[in-house]
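The listed protein sequences derive, respectively, from chains A and L.
Quick note on numbering: the first sequence equals residues 1 to 229 in the numbering used here.
Quick note on numbering: the second sequence equals residues 1001 to 1410 in the numbering used here.
I should point out that these hints are in silico values taken from the structure, not numbers from a laboratory.
Ideal Cβ placement from N, Cα and C applies to all residues, glycine included.
Don't take each hint at face value.
[What the hints assert, rightly or not] Estimated spans, in silico, between C-beta atoms of each pair:
| hint | chain 1 | residue 1 | chain 2 | residue 2 | range |
| --- | --- | --- | --- | --- | --- |
| 1 | A | 26 | L | 1249 | 21 to 29 Å |
| 2 | A | 189 | L | 1303 | 33 to 41 Å |
| 3 | L | 1303 | A | 38 | 46 to 54 Å |
| 4 | L | 1215 | A | 86 | 42 to 50 Å |
| 5 | A | 40 | L | 1220 | 32 to 40 Å |
| 6 | L | 1353 | A | 101 | 14 to 22 Å |
| 7 | A | 154 | L | 1194 | 25 to 33 Å |
| 8 | L | 1303 | A | 171 | 51 to 59 Å |
| 9 | A | 101 | L | 1233 | 37 to 45 Å |
| 10 | L | 1194 | A | 191 | 50 to 58 Å |
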Amino acid sequence: MSNDERVGAARRTGPPTKVVVVDDHPMWRDGVRADLEADGRSRVVGEAASADEAITVVEGARPDVVLIDLNMPGLPGTVAIQRIAERVPGTRMLVLSASAAEADVLAAVKAGASGYLLKSATGDELVDAVQQVAAGEPVFSPSLAALVLGEFRRVASGGDREQDLTERETEVLRHVARGYTYREIADRLVISVRTVQNHVQSILAKLQLRGRYELMRYAIHRGLDRDDE
Amino acid sequence: MSPSAPHHDDRAPVAGGSEVVATGGVRALARGVLAVRWAVLAWMFALAVIGVVEGRDLAVAVTVVAVVAAWVGWLTVAQPRFTPVVLTADLLVAGGLVVVGARFGWLATVYPVTAALAWGATRGIVGGIVAGGVLGLISVSAGALISTDGPAQSLQVLRDPVYFALAGGGMGFVATLLENSAAQVRAAQAEQVRATEAAARMTERESLGRQIHDSVLQALALVHKRGRELAGRAQVDGAEVGRLADLAAAQERALRTMILRPPDVTGDDGRHASLRERLERAVAAVDGHVTAAVTSTGDIRLPAGHVHEIGAAVDQALQNVVRHAHASRAWVFAEVDGDDVVVDVRDDGTGFDFDEAALRAAGKYGLLRSIGGRVEDLGGRLRIDTAPGRGTELELRVPVPAPVGQEDDG
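So here's chain L without its partners, still in its complex pose (with noise of 0.2 Å):
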């Protein structure tokens, strides 16, 4: 991962990307360490057959060739990670290669020597030539004790263990290049990363601030002039002193919104959305007659199709509120509930017999119906709970999708 965590989903693919490049590299190293070990156990098979033909031991050579090609066959389809088990593993099946290459001399391979390149490919220099460095020495203590051939003289005694740890420690040194240049373009992506954020966090303090010269700032300049020029006067008006109060308390409530939406968190980015962030406009564009107000569990962040559909719903039930229940308050309440996500629309209007065939023969069922549509569109039931003169209450209740984020997950 980079160093600098993705913070929310859209940033996921640019970490995932230098993932790819880091692994990559090493991912191609050990795909050519498996082809050389079928390579060697192709090679292996025909100086079986040879060994076989010729009337070398057939058990011998049947149970070799088996063991590495069960081997090789299950690093080739389990894919396996290299964990220091699988790595210990390969070893030791290598070990037992060098002894069975020193006691059978017509078997010998170099299959041992692809154990001492997996080491390397995966744990570097260091890896690759203590696995040689351990093979060379199985090497020579097989020579000594079981070789056909008698004990090697002199300098000859060293050459396993150095080919072999050239072998791990070459491949190491690979590994290791191509592991410094994916860290490098990783670096290199999380400095972009934070350069786009920087970038992303510049733009929002501008549009910030312009929203705050347009309207706080010009609402708090005329208050503070018409506040001087009523102190000045020896008559004051209640009802402008009045207006100006509506102002600041509008400029309060815009500068709240403003300042309590976390740019990163809310916005829609195009797959998800705040629902809060939804009902709190469909909330504001309630005409002045009726108060309302939204409460929430948190921000519920939905799939944006979700947010879209739940919050035409809202707008058509505020509408119904306002043109048909006499009502001078409505309040929306959202909160998830399990795995449903639910919606409340409730005022204090006049409330009504919740009889179908009278509401659509007075024209006031349609709405209804389409709030119902909506929901049910979306796998959810809209519940109506009123009666005259107790109000209305319309619930939504939706399934959700996907698990839920509140928030500030923290």
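Bound conformation, chain A alone (with noise of 0.2 Å):
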């Protein structure tokens, strides 16, 4: 997922952007705090190292963006974006892994995730990254969004037409899938740069709208309630 030439958020003056990282390896949690700080728009204010950790960590810290890793010990990770998601409204989530198995990817993305990077992400990749999510915009990589239009051709909606992609966002996500970039796909288009955005944004929120549908079918299906502790 190496190939992002998005067009991204705009280097942001002001405050910079708070960050919590979420990871079980300590050396690793260094090392993006280290890559994070060096760029200088973004602040490390908290570390987890599981995710329980985090759900208590950002309830206080109240960052802009998560970054998180899956597999930890413990609670998985998609468990704490889908509470971070229900308790923190607007915090925006990346996920940081090294699974790019597509079960994980698709997951994390319905569960809240603004986006899925690999751990062989560049440091530039990653506090890029940070930015765009900062500023509201998913990260798509052309490999998750081919896994995405799979998702949607894959699973009906059953109707549902607030659950389904509109021609035009197919269109768009088939561009990505390609590797596109959004200008480029604004030219192919002829649209501006800012609807291809809108797009891709309106995808995502389906994505997740049919993320906690399922979550709700499963849960009626196993005749629990929401686990709300």
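Join these two chains into a complex; the hints should help.
Okay, here's the thing in structure tokens:
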């Protein structure tokens, strides 16, 4: 997922982006912190080594962006993503995982993450992605776009149009999956870059809506109520 | 079905085999009962003819024989499953014949017992005894109410119910024995399937272990050793650190590919293969100065022939990119779009004026024609989108013959 020449967030002036880093490897957290602080646009306001701890830290530190790993001891990262999305709405989450397995990627994004980076991403890619996510823009790599397209094609919504992609959104997604930048997509479809960004945001929102419906159906199916402790 | 349901198609024949064993015995019993019905029907026909010749009621003879013949004929031709409805109907016909036999002694046959046999064969001992008992009771009541011979005496009353129930129960016993031995065969086969699966997993694990050992562990050992050496030096050579990083990155990719490939799902089973896996191989073979990547909506399982041809076409397209496009990057994207599989090969190279004659003259048309030929052989078409300075995009669109398994069909 290294080919990200997205028209990302414009370089923002003003207060740095507040970031919480969640990973069970201290060395990895240090590396990420170093990358983010060298960039200067972000400031690490908290760290956590597990999903449980992440929820507490985020509730206290109220960061703009949570950088989170998926495979940690204890609760899976997807659960933390989902709980944070419920309890501290507006927090943007970016997954930084060593796993490129489709199921992991889709589960994380459906749970509420705004993007998915592999740990092989370069430092520059990482700090740019954090800025992009902080500005409210999903980080859609071509391979994530392809997976999301497959997901929408594969799983029928059962006629709920709120959960289906429009033709234009499908078209945008196919272009992202084929490696086009937002600028190139805008040129090819004769629309503005802003419109492309809006489509991508709306695609992510629909995917997360599907994720919530699935969770609800699953809960109903299992005869469980929402687990709010 | 065997307890371990088949995970994918190449195991289906095994499960199908045990299914045949499981139902084969019962089916043979059902055929036997049918043969008995025909024999008794023939006997009944003879009785009817003799009866009519001796001056009995023609209408009764014709009606009874016609009803039974129709029922047995239907059972023979339609080969229905013995559902509760069919079994009940059979019991009704048999019960009717018991009554007929009681009223018109010259037409009495053993036909009713075949219903008890059918119940025993399909519903086991209890089913056979119950059906036989019902027929026996009908026989006793009919004897008491309408028989021309007058009511039967003492123990004689019990004769028919006992005979009927014995016949049905006996058949049920045989059927149960067959069922049990079939279950044993099934269990043995399931055990064998499990053993084969375990062996396959073991082999896979060993081969994975070997691959990890050969490449990843060696690379890790090298990174470890060189890293220590570098750490001990006063001056660190950036290029050398870079080489170590490249080595680690290459092994990371290799390990990820190894782990991500579920051996049972994406392996080429001779009939179907994973298009994504084939495209990843095509991209891996692309020469150094072009960076290429595959994205895909899923695993995209296709008939092996399709994967082979599409893969060869993409190989050629990528060769074209390397040789003629002056590109630095290439993207391969595969998706299932309705009934088509679409593969898109795109580069950021110079592009060209799509002019067949000029391309032919420049010797650049051969590959394009060859790619198009492969796609057309599969009933698909090739679209070329290019212009000078805009890169080139080839879209291969091929209809898919069978439902496309993506993955994880979950």
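Hints, verified against the model:
1. Between residue 26/A and residue 1249/L the beta carbon distance is about 22 Å. The supplied range of 21 to 29 Å therefore holds.
2. At about 34 Å, the CB distance of residue 189/A to residue 1303/L agrees with the hint of 33 to 41 Å.
3. Between residue 1303/L and residue 38/A the Cβ separation comes to about 52 Å, which falls inside the hinted range of 46 to 54 Å.
4. One distance hint, 42 to 50 Å for the beta-carbon pair residue 1215/L and residue 86/A, holds here, with the actual separation near 43 Å.
5. The supplied range of 32 to 40 Å is met by residue 40/A and residue 1220/L, whose beta-carbon atoms lie about 34 Å from each other.
6. For residue 1353/L and residue 101/A, the hinted distance range of 14 to 22 Å is not satisfied, since their beta carbons lie about 43 Å from each other.
7. Separation of residue 154/A from residue 1194/L is about 31 Å and conforms to the stated range, judged on CB atoms against 25 to 33 Å.
8. Checked against the hint of 51 to 59 Å, the pair residue 1303/L and residue 171/A fails, with Cβ atoms roughly 29 Å apart.
9. Between residue 101/A and residue 1233/L the CB atoms are about 39 Å apart, so this pair conforms to the stated range of 37 to 45 Å.
10. Checking the proposed 50 to 58 Å range against residue 1194/L and residue 191/A shows it holds: the Cβ atoms sit about 56 Å from each other.
Hint check: violations occur at hints 6 and 8; the rest are consistent with the structure.
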